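Novice: Chains A and B, in that order, are what the protein sequence lines are.
Our numbering puts the first sequence at residues 1 to 304.
Our numbering puts the second sequence at residues 1001 to 1304.
Check each hint, because a few of them may be wrong.
Calculated Cβ distances over 12 angstroms to all of chain A for the following chain B residues [claimed, not checked]: (1) GLY1052; (2) ALA1072; (3) SER1093; (4) GLY1100; (5) THR1115; (6) LEU1168; (7) CYS1199; (8) ASP1203; (9) PRO1234; (10) ARG1239; (11) PRO1257; (12) GLY1270; (13) PRO1279; (14) ASP1288; (15) ALA1294.
To spell it out: a stretch of chain B is covered by chain A in this simulated footprint if at least three of its residues, at any positions, have a beta carbon under 8 angstroms from a beta carbon of chain A; those stretches are [unchecked claim]: (16) 1034-1044; (17) 1134-1145.
Hints in this document: simulated from the structure, not taken from any laboratory.
Note that the structure is a prediction, hence the values are computed from the model and not measured.
Heads up, the beta-carbon is just placed ideally off N, CA and C, and yes, glycines get one too.
There are 2 protein chains.
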Amino acid sequence: MSGEEAFIAALRELAHDPAARGLIDDAAVLDGTGPMVATHDTMVEGVHWLAGQDPADVAWKLVAANLSDLAAKCCRPAGLLLSFMLGDAHWNSRFLAGLGDALAAFDALLLGGDTVSPPAPDAPKVIGLTALGRPIRDPPPSRADAQAGQSLWLTGRCGAALAGFEALRAGSSDDALTAPFRRPVPRLAAGQALAAAVCAMMDVSDGLLLDAQRMADASGVTIAIETRLVPVHPALARRKREAMAWGDDYELLFTLPRDAHCPVADDPVGATRIGTILPRGAHSLLLDGSPPPAGLSLGYRHGE
Amino acid sequence: MSGEEAFIAALRELAHDPAARGLIDDAAVLDGTGPMVATHDTMVEGVHWLAGQDPADVAWKLVAANLSDLAAKCCRPAGLLLSFMLGDAHWNSRFLAGLGDALAAFDALLLGGDTVSPPAPDAPKVIGLTALGRPIRDPPPSRADAQAGQSLWLTGRCGAALAGFEALRAGSSDDALTAPFRRPVPRLAAGQALAAAVCAMMDVSDGLLLDAQRMADASGVTIAIETRLVPVHPALARRKREAMAWGDDYELLFTLPRDAHCPVADDPVGATRIGTILPRGAHSLLLDGSPPPAGLSLGYRHGE
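So here's chain A without its partners, still in its complex pose:
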């Protein structure tokens, strides 16, 4: 068997849903009615992960990042298409292990995709994933639906991924500390529990401040965050601004009508009111009443 054939044979074990057609057909065929949500993330070695990271964690994160977008749309996952660049046996097998872990953890189905050869044996790997989901409300929420008077909420807390990243970089073998960076958990249950209540919603993948600014711009409002209300990981207690500008936390940022009860506030993950939506002013984002200082990084921008 060629490298591709061996990989696909192993992948087939993970793609057991009838919609995958045993990975032998040109395409996956999904049953069902109603709207479908579709999202895609691509990750590049050296850009989105470090060359030395466990490929199993890379696979997990690729799945988690995509499912986080579905969570923001109140979706149950309907299926995944994987774009995989073949490598050596270690890369291929560890990637498959992490992919299997993530599929099982999030009850997601692998339906198809493509495998390609690398342009050179040592070329940085590039992998991608398309996630399809069925929203449990129609239409699913948008990040463009924030309106003045609503309150701004965040699930979980900021900075867990940054704390995990720094611990991993320092050589920590504390799995619980590094897990939020290595194996983030998309807020699928919270996303669905919020379906009836939320106005605007998005996931926080590039940093709370940058993503809040994007929500404000998409909605044509100003978002005022009270930084003292933003929960952060204990390791970042003295570096809150940094935690708020660091990506990879995959929490949900959402708005609720003024004074509305938050249906997930008392869940184990929890949610916290961190600000207010204002009519559009001169600035899209206010931190404690003032625009962010010039030069403050709000989050991670690709291509810079």
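Based on the hints, put chain B in the right spot on chain A.
Specialist: Relative to chain A, chain B alone:
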């Protein structure tokens, strides 16, 4: 604007369907009911295209290859998600030009995707596309539905892409000759016209012989091709075996009940009966009654 922001601003002009949500949201949201077909192709510079090729043609081919999979499923295109690796201004703008050409030519909608930075400025580019389609029959055909007694058909002819590739490599500026390689046309209309008639169907992307063998293996039958019946491009008249083992033609390979009329036989693209489906014998593929000679390449295999 960063490179990514400028590219996405241009991309937004191509993504005008409401399902794309202006490319400002986490995901695309598709309306409608009934089954959905999903497929993904990834292309790598130096593997799937040559470094010197016009990025506009690369974009076109990425779209065409994916839509060809939808054609094999009797689909109308429902939407595309692009995974794009940013490069210099020439790469970005020429790619966008070809993408726009293809979207217009095939009446396809760009709905979303992801853009990423390259791991290094001179790293080979990796791009991907997910295509979603609505099949006009439920369930859409599979490549696993070939049965003994059916006849085997091919749209168009073999070798047009190979002739175009060789002309391009030789420096030809004859656009009509090189177009089948640079700008293949997926057989969307034929795929839909065949919906009521076909038994098994797939697209020919890796070579007629290899793909016919795959259909035979998926269906548990033997496929007998009469090579004298296979239409080939005039430039390959003396190299028919090679033309039948070369990919990129994106024709449709399908089976019909014995003696059935082929509804697209008289279309401009046309279709030709090239063989017969037999009960599974010792070999999955027979050429003029004999198994392919050992060592004959049947087509393009990735990862070898």
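Novice: Non-interface claim for THR1115(B): all C-beta distances to chain A beyond 12 angstroms?
Specialist: About 6 angstroms separates THR1115(B) from the closest Cβ of chain A, which leaves it inside 12 angstroms; violated.
Novice: Would you check whether the claim that CYS1199(B) is not at the interface survives, using Cβ distances to chain A and the 12 angstroms cut-off?
Specialist: 14 angstroms, holds
Novice: Grab the minimum beta-carbon distance between ALA1072(B) and chain A and tell me whether it stays above 12 angstroms.
Specialist: Violated, because the least Cβ-Cβ distance between ALA1072(B) and chain A comes to about 5 angstroms, which does not exceed 12 angstroms.
Novice: Report holds if the minimum CB distance from ALA1294(B) to chain A is greater than 12 angstroms, and violated otherwise.
Specialist: Holds, since 17 angstroms exceeds 12 angstroms.
Novice: Verify that the Cβ of PRO1279(B) lies farther than 12 angstroms from every Cβ atom of chain A, and report whether the claim holds or is violated.
Specialist: 20 angstroms, holds
Novice: Beyond 12 angstroms on every Cβ pair: is that true for ARG1239(B) relative to chain A?
Specialist: Holds, because the least Cβ-Cβ distance between ARG1239(B) and chain A comes to about 25 angstroms, which exceeds 12 angstroms.
Novice: Is it correct that the beta-carbon of PRO1257(B) has no partner in chain A closer than or equal to 12 angstroms?
Specialist: 21 angstroms, holds
Novice: Can we trust that ASP1288(B) is non-interface, i.e. its beta-carbon lies farther than 12 angstroms from all of chain A?
Specialist: It holds; ASP1288(B) is separated from chain A by about 27 angstroms at its closest Cβ, greater than 12 angstroms.
Novice: For GLY1052(B), which was marked as not at the interface, is the minimum beta-carbon distance to chain A over 12 angstroms?
Specialist: 14 angstroms, holds
Novice: Beyond 12 angstroms from chain A, beta-carbon-wise, is ASP1203(B)?
Specialist: 6 angstroms, violated
Novice: At least three residues with a C-beta closer than 8 angstroms to a C-beta of chain A: is that true for the stretch 1034-1044 of chain B?
Specialist: Since 11 is at least three, the answer is holds.
Novice: Hey, does GLY1100(B) actually stay past 12 angstroms from chain A on C-beta?
Specialist: Consistent with the label, GLY1100(B) stays out of reach of chain A, its closest Cβ about 19 angstroms off (over 12 angstroms).
Hints 2, 5, 8 from the earlier list are contradicted by this structure; the remaining hints agree with it.
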